[in-house]
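**Student:** Each chain, letter by letter, is given below.
Number of protein chains: 2
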Amino acid sequence: MLSYVPLPELERIRSLDTAPTERAAAFADACRINTLTMIEHAGSGHIGTSFSAMDIVSWLQLEVLRDDDRYFSSKGHDAPGLYSILIGLGLLPFDKLFALRRLGGLPGHPDVLTTPQVVTNTGSLGMGISKARGFVLTDRLAGRSGDVYVLTGDGELQEGQFWESLQPTANRGLGEITVVVDRNKLQSDTWVSQVSDLGDLGRKVEAFGWAVARCDGHDLGAFSAALAELRESAPGRPKLLVADTLKGAGVGFMEPRDLPQAETSLYGFHSGAPGPATYARGLEELVARLNERLGRIGADDVRLEERAAPARTPPERPQRLIQAYGEALVAEAEREPSLVALDGDLRLDTGLVPFQERFPERFFECGIAEQDMVSQAGAMALAGLLPVCHSFACFLTPRAAEQVFNNASEGTKVLYHGSLVGLVPGGPGHSHQSVRDIALMGSVPGMAALEPYCEDETRRAVEWAVRDAEGPVYLRLVSPPWPLGFDPPAAELVEGRGTVLREGETGTFVCTGPVLVSQAWAACERLEGWGLIAVPWLRGIDGAWLAKVAQGTIVCVDNHVLPGGQGEAVLSAFAASAPEAAARTRLVGVDRVPECGANDEVLRVHGLDAEGLCASAGAA
Amino acid sequence: MLSYVPLPELERIRSLDTAPTERAAAFADACRINTLTMIEHAGSGHIGTSFSAMDIVSWLQLEVLRDDDRYFSSKGHDAPGLYSILIGLGLLPFDKLFALRRLGGLPGHPDVLTTPQVVTNTGSLGMGISKARGFVLTDRLAGRSGDVYVLTGDGELQEGQFWESLQPTANRGLGEITVVVDRNKLQSDTWVSQVSDLGDLGRKVEAFGWAVARCDGHDLGAFSAALAELRESAPGRPKLLVADTLKGAGVGFMEPRDLPQAETSLYGFHSGAPGPATYARGLEELVARLNERLGRIGADDVRLEERAAPARTPPERPQRLIQAYGEALVAEAEREPSLVALDGDLRLDTGLVPFQERFPERFFECGIAEQDMVSQAGAMALAGLLPVCHSFACFLTPRAAEQVFNNASEGTKVLYHGSLVGLVPGGPGHSHQSVRDIALMGSVPGMAALEPYCEDETRRAVEWAVRDAEGPVYLRLVSPPWPLGFDPPAAELVEGRGTVLREGETGTFVCTGPVLVSQAWAACERLEGWGLIAVPWLRGIDGAWLAKVAQGTIVCVDNHVLPGGQGEAVLSAFAASAPEAAARTRLVGVDRVPECGANDEVLRVHGLDAEGLCASAGAA
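Quick note, the sequences are listed as chains A and B, same order.
First residue of the first sequence? That's 52 in my numbering, and the numbers climb one at a time after it.
First residue of the second sequence? That's 52 in my numbering, and the numbers climb one at a time after it.
Incorrect hints may appear among the rest.
[Unchecked claim] Rough simulated footprint, nothing fancy, chain B against chain A, three-plus residues with beta-carbon under 8 angstroms:
{"no.": "1", "segment": "206 to 215"}
{"no.": "2", "segment": "441 to 454"}
{"no.": "3", "segment": "493 to 500"}
[To be verified] Some chain B residues well away from chain A (every beta-carbon gap over 10 angstroms; in silico):
{"no.": "4", "residue": "M178"}
{"no.": "5", "residue": "P325"}
{"no.": "6", "residue": "A331"}
{"no.": "7", "residue": "P369"}
{"no.": "8", "residue": "E387"}
{"no.": "9", "residue": "G462"}
{"no.": "10", "residue": "R518"}
{"no.": "11", "residue": "A520"}
{"no.": "12", "residue": "R548"}
{"no.": "13", "residue": "V612"}
Hint data in this document are derived by calculation from the structure and do not stem from the laboratory.
The beta carbon of each residue, even a glycine, is placed where N, CA and C say it ideally should be.
With these hints in hand, go ahead and build the complete structure from the sequences.
**Tutor:** In structure tokens, the structure reads:
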């Protein structure tokens, strides 16, 4: 059972006749309860960062922002916290509390089109100040005036764009801009200081011509005073307030008080739902804390309402590509002493923990600094190493697009691991759903690109990349454990070719990755005479082979946009070596910015679930 | 006639029995002469930055670097200066002096594959320190030791990657790294202070944990002392030495002493050859300066040798797309008051000077900071403006790839101007030859993309983008004035369609841009029965129309790699609406990292000149 603070109670708390700081702190705790419930209901979401910023954002929303002002979070993954506050203020419909990460609900990261109450789309890190400047310069041009408050993370400050945006903002004297750094000292995996220490943050930002102050981000009296003093003392300069916070603040066991300051420490509440038992413990603590606050100011205890928790069944016999990748990388590194791994603060999500444990001296944590990581890897390759760069595809492939090309122009071999590819998981939203990465990486001359559909093929892809590839390789990996609906047959990895999973005379689906292969398999079960070929190669496809084995109408399905995807690569291969097959080929893929929602919702709305593929086959 | 310092004279000068600083200064002046001649012979190249860094680089090469040390320039466009020095040291064959920007010669920017004497490929800005760290970490892992010296520009320091790379380098205590900033205070168009002032550079870099010093970069005694002191005082920290220099140093009229400190000032010697008269004046001054130096130390005057200057004929009746673009943008801005222009320090090259003059308050100079520019534009669009972002395609489209997608996810309309596209000009080399930009921009959902082939179509494309497009638009423009070989007919711009320039029953070339259209036209003149259709649309092509008007074998030609280019978009359109046409379509495009050379050389070696297209037609 889930508990939540209903709207009348939120209204009561934010109208309490007490000191504004007490009121805001109580409101923040009520919103923490709803955020925890929202995330547990959704099955995923960012608790730690929502909680660390909750007091600050509550204060800004309740006491600071005026009509023409704007507030947004540059980190963006604290969206559940913001949504709870907006719901508590009556600015979002209350029932959206149970629509986080659902189609038509509240996206995992801010989205102006579905949620006009948010100011701009974030979740791609480091863009906040650039955007704030765009707002202020537009206002000035239009003769409007309004302040812009930007919340940033601290791990986020490793991104070059943050630093790139500082000096021009100071040069233009944009005193309308106030940045608050939610300095919770933890990023995705572990301590910021262990990933890529920020040094003396205040001194650095001050050197760029900004006015800087520091305070406790959970002491609203101190925060309010620091903010006021900063704004008064430097009217014509942009301002940055470093607010010291605790990740997971409000729930003792979610705060990192006992997490050792070590490179191998892993923080447990960055993302993901807590699960029933942990949820209940966290809820209990938050309710006690809120009631204590309310009692101190003579108000009644909070009255909660309840709602059933949604049932969740884990996938059956899923393919775990990330785990298979991580194991294969360690195995290859045992054979190949020049292999080193570089990570962009996602070692858990990219399967690198075993590598780091086995080869600590060959593991390079680069933080959220993809450009720096990729150029560093380029020099390592020139100097004789075989570097493997890791991050989510949505960050690695666009952020470092120029650096990847620069490396390729040197004729060296650098490997790139991009995971979290395609439409699913659908919960984080378009900032994280990577549907352009094949186009980005596959347009680099000489770049091989592979996406396996099962664990065994993942191992073979890693082996091929390390042992056989002559130039750079992009490995594209679906992240969530995913059931195929069948047992993948043992198969060799042959350059340019794939595995005929089932034969069909009427038509043949060509695709890769466990998500699409499972849906195409299910479609074949419903259709008459349709076959399925899984082709891991995203470039360098053997068109003559494919034309021969793919019977009937060929429907290429992409977990990616059509331009620059695998389907166009198939057409291109046919044009070169089997022109007749081009005339019987149709392409299906993602045709717009990805929608946010549960995995099945997202596949359905994009027409890439089994039903959609049946329809595509029928129309083909 | 061109004059140069022959190798025996260079050897004499670098072996003079005098103070090392005097010797290095004389050697630098001799290399200035050869650099000037090299660039005048090549017809293009970067004089200003080569001259500002010449004393520093000469000193490092003659007196500082040991066997295991590395030196490279992060800005990279000072390559002619470095080549002259390497030639003077006997490390490059002397005859390469007359092979700058020629096929098989010395590329416009450093390239390790054709010039193993250079350490790494640069010319894409801001990557230097990241690469230096890669070298040092590799050396440490291998138990090797060596120092790395990196030269940077100052305009270059506007790039976020520079700042992103500072802190991790300090955190790892990489005392092996010394960065020298060639602080000539001018970037591509004008004063750094007018483009995007750097603020207190020393204080900023120091705040990142680096050891910093400053000196006169033309006083080698001061430079040498500052370098030695810095290295002694901070052995375990990375070091940065700000060396104050003059752009164009050594030739009075190339130094910016009289250039006003104003936003509209334009420096004349950033790139391009000086031309015969200016060359002669510059040479005279350099020779006098060198001889005065030699006289002071009791050495003989320099003995020059001569060589005929290559003949150059300007193109006849060329299409000037950039100029047409600039005029069209002003015309649209007169009608559309929300239109604002953002520039990435390339206002001359992107045709923005008339716009800046006409609408100074609607012109936003962003400097070399593409990510910041694009995110700023995104917020401007959300707030009601129609922003147009400008840069070279090679920088804009990969560097800001994530920011462009983020903007598109907000459903706003932002226009992007990417020029210097495709293989030509072939002189700058692969860092500037943009052959991935269609894939990068055309994979953004909802992005329209056009590349016109003539001035008139350029105007119509701008009108369409401003007036009719509902979402974001990428405008892709060939930069050099280029003759078509025929007069373009008057034609409407119809969405998804193009202009049938000549009919042919045997086959039809489909392409766009003045470079390819001129080559395909010339190919048609030689072939029997071949036609030519110019299709400006890179996405959203009307396949049914094209299948109808394109007769015989269709050869799509891309001034771009095949993956994600126009040819694949044509195949994709055919697959959707005219499958039979897909079977008679062949794709031709750039199949590797672009070669550097004269324009005709580069088109020929990539098979995209008229002769190559005839061969492709024959094979199709």
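**Student:** Work down the list of hints and note, for each, if the structure agrees.
**Tutor:** Hint-by-hint comparison with the structure:
1. 206 to 215: holds (count 7)
2. 441 to 454: Our answer is that it holds, as 8 residues pass the Cβ test (under 8 angstroms) against chain B, meeting three.
3. 493 to 500: holds (count 5)
4. M178: 4 angstroms, violated
5. P325: 29 angstroms, holds
6. A331: The claim holds: B:A331 sits with its nearest Cβ about 36 angstroms from chain A, beyond 10 angstroms.
7. P369: 29 angstroms, holds
8. E387: B:E387 is indeed farther than 10 angstroms from all Cβ atoms of chain A, at 14 angstroms.
9. G462: Given that some Cβ of chain A is not farther than 10 angstroms from that of B:G462, nearest at about 5 angstroms, it is violated.
10. R518: 21 angstroms, holds
11. A520: 16 angstroms, holds
12. R548: The assertion about B:R548 holds, with a minimum of 19 angstroms to chain A.
13. V612: 5 angstroms, violated
Violated hints for the displayed structure, listed by number in ascending order: 4, 9 and 13.
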